[in-house]
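**Q** Please model the complete structure; the sequences and the hints are all you need to start from.
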Amino acid sequence: MNANANPQPEEPRAAARSGHVALVGTGPGGADLLTLRGAELLRRADVVVTLREPAAEELAGFREELLSHCSGDVSVLQADECGGDLNALAVARAREGQRVVRLYSGDPFFGCRGADLVAACEEAGIEVEVAPGVSAVTSVPTFAGIPLMGDGVPEVRILNARPHGKAEVDWSEAAASDATLVIMGGDAPAEEPPEHRGPGLDVLCKTLVAGGRPASTPVSVVRAGGTTRQTTVTSTLARLAADLKAKDAKNHHATAPALMVVGPGAARRPELSWYEGRPLFGWRVLVPRTKEQAAALSDQLRGYGAVPEEVPTISVEPPRTPQQMERAVRGLVTGRYQWVAFTSVNAVRAIRERLESYGLDARAFAGVKVAVVGEATADAVREFGIQPDLTPPEDAQSSAGLVSVWPPYDDEIDPIERVLLPRADIATDTLVAGLTDLGWETDDVTAYRTVRAAPPPAPVREAIKGGGFDAVMFTSSSTVRNLVGIAGKPHNTTVIAVIGPETERTAVEFGLRVDVVAPKASVSALARALSEYGAARSREAVESGKPVLKPSQKRRGRRRKL
1 MNANANPQPE EPRAAARSGH VALVGTGPGG ADLLTLRGAE LLRRADVVVT
51 LREPAAEELA GFREELLSHC SGDVSVLQAD ECGGDLNALA VARAREGQRV
101 VRLYSGDPFF GCRGADLVAA CEEAGIEVEV APGVSAVTSV PTFAGIPLMG
151 DGVPEVRILN ARPHGKAEVD WSEAAASDAT LVIMGGDAPA EEPPEHRGPG
201 LDVLCKTLVA GGRPASTPVS VVRAGGTTRQ TTVTSTLARL AADLKAKDAK
251 NHHATAPALM VVGPGAARRP ELSWYEGRPL FGWRVLVPRT KEQAAALSDQ
301 LRGYGAVPEE VPTISVEPPR TPQQMERAVR GLVTGRYQWV AFTSVNAVRA
351 IRERLESYGL DARAFAGVKV AVVGEATADA VREFGIQPDL TPPEDAQSSA
401 GLVSVWPPYD DEIDPIERVL LPRADIATDT LVAGLTDLGW ETDDVTAYRT
451 VRAAPPPAPV REAIKGGGFD AVMFTSSSTV RNLVGIAGKP HNTTVIAVIG
501 PETERTAVEF GLRVDVVAPK ASVSALARAL SEYGAARSRE AVESGKPVLK
551 PSQKRRGRRR KL
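The numbering of the sequence shown is our numbering, which starts it at 1 and goes up by one.
Where hints are given, some of them may not hold.
If you anchor each label on the Cβ, the simulated ranges turn out as follows [claimed, not checked]:
{"id": "1", "residue 1": "A541", "residue 2": "E394", "range": "30 to 36 angstroms"}
{"id": "2", "residue 1": "D151", "residue 2": "Q78", "range": "15 to 21 angstroms"}
{"id": "3", "residue 1": "D80", "residue 2": "A246", "range": "31 to 37 angstroms"}
{"id": "4", "residue 1": "D395", "residue 2": "M149", "range": "27 to 33 angstroms"}
{"id": "5", "residue 1": "S177", "residue 2": "E40", "range": "54 to 60 angstroms"}
{"id": "6", "residue 1": "A362", "residue 2": "D151", "range": "55 to 61 angstroms"}
{"id": "7", "residue 1": "R505", "residue 2": "P270", "range": "42 to 48 angstroms"}
Since the hints were derived computationally from the structure, they do not count as laboratory data. All residues carry an ideal CB built from backbone N, CA and C; glycine is no exception.
**A** The following block contains the structure:
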């Protein structure tokens with residue numbers, strides 16, 4: 001690097017620079033559809049004006065996920081609370097030198113009034129940028145498994161059925177064409193003022209048939225498309241009204257916003273339904289783990305279509321006195337131990353952090369054998385640069401399983417008889433007792449403390465006790481005890497999934513019916529087992545001719561026996 005080069009001054013946050021307005025499309029309703037450019041503009045924003053559309057805003061966590069891209073000192077303005085002219089507000093903030101982002105559903109220029117804000121910025125001499133978003137018109141049919149073109153369909157027409165001043169759709173001309181029709185705003189929600197309502201889906205079907213479309217024309221209606229509340233009804237123009245009525249009879253799902261697709265592509269939806277066909281689609285799953293531990297599990301659950309909600313039940317803290325851990329680290333370095341046994345990721349993390357605080361690394365384990373319990377623990381050890389020497393049988397990932405394969409102490413073979421066992425302050429004595437019976441001496445060291453977390457917010461507690469969650473995943477006995485302690489027992493309609501026999505016994509002791517037990521002590525295996533359970537429930541419902549319902553959609557008063 002040239003020492004004489006002048007370093008570039010860091011750009012001040014708001015002062016000494018011109019303002020900027022960015023219009024960011026957020027897609028049809030899932031925060032993971034935000035574009036990379038949209039995320040970058042949010043990262044740089046001083047001010048964010050949120051979505052005004054209630055259908056997008058009511059999605060659980062949607063706004064929070066979008067705002068997670070922002071800096072900690074961003075100013076957030078709720079569009080539905082600001083009142084007045086939001087475009088004028090954005091321009092005024094930009095004149096003060098701030099970077100303003102206004103969020104739009106879908107794409108700012110498609111079905112939204114983003115053009116008005118761009119025009120206002122151009123008139124005021126404010127720099128403006130538009131980050132296009134994924135439009136509901138093309139993405140929602142894709143989420144539903146409906147191809148818009150192909151199969152001899154050369155044309156797609158996009159129609160807005162809601163009143164827009166003097167402009168009206170020529171339904172007779174649209175019906176007479178061979179084009180696939182994508183119709184926005186055909187639903188007529190009661191909460192909308194009459195002048196803004198669409199004609200209603202049943203009226204649209206009759207209008208198209210009267211205009212010349214055959215009554216047998218395939219049609220699909222996709223509600224809340226692109227979200228985990230999405231539902232799709234596929235029928236014909238003649239039968240759609242009756243099929244929608246049957247679908248809506250129990251009021252188990254969102255009915256707006258609705259997108260209507262008329263054409264041959266709708267007929268392929270049953271074979272191409274890749275999104276709603278996921279085994280846990282739309283399931284609200286409680287993950288009672290620490291934030292650090294929940295991330296990978298939540299990602300896996302999302303892959304199965306679930307909506308994970310992380311509710312910490314424990315907080316991991318250092319031991320009250322550090323002397324034990326200091327002696328343990330000295331013992332590792334000086335050759336006091338022949339074995340170290342790790343039974344949790346937290347234990348690995350505690351030892352690693354202590355070693356690194358002294359400037360040491362994995363070489364401190366030279367000549368020491370390492371035993372682990374659980375896949376996640378083994379991965380954490382390998383990440384530190386150590387290959388485990390001993391693990392329990394795959395179907396017995398527990399302290400008892402580790403004891404079953406641990407070699408007895410032999411004073412002619414083993415130069416040292418001592419084992420280091422760093423673990424939680426509330427761990428059971430199964431491993432210590434087993435190693436003692438095998439002739440080993442154990443230094444049982446408190447590497448970390450587990451403290452019960454604070455109770456979750458009241459709406460979460462009510463959902464747990466009232467059946468608002470479809471499933472709860474218990475990854476240890478302590479998560480059972482702590483969740484019940486801070487939030488109460490899950491409702492009997494909620495599916496209970498546990499990581500192994502010990503956790504199952506604890507759940508039963510607390511009066512819970514266990515539906516899913518992981519085949520091995522692994523959180524990924526537990527998530528797979530829950531997905532298989534969900535898939536089996538769906539198959540049973542379809543084979544018996546019943547609607548596929550989530551556990552939370554069952555009658556809330558219904559109780560299951562143990």
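**Q** Taking the hints in turn, state whether each one holds.
**A** Structure-based check of all given hints:
1. A541 / E394: 30 to 36 angstroms: holds, 33 angstroms
2. D151 / Q78: 15 to 21 angstroms: 44 angstroms Cβ-Cβ, so the 15 to 21 angstroms window is violated.
3. D80 / A246: 31 to 37 angstroms: This hint holds: roughly 34 angstroms between Cβ atoms.
4. D395 / M149: 27 to 33 angstroms: violated, 51 angstroms
5. S177 / E40: 54 to 60 angstroms: Given range 54 to 60 angstroms: violated, Cβ gap about 41 angstroms.
6. A362 / D151: 55 to 61 angstroms: holds, 59 angstroms
7. R505 / P270: 42 to 48 angstroms: holds, 43 angstroms
Hints 2, 4, 5 from the earlier list are contradicted by this structure; the remaining hints agree with it.
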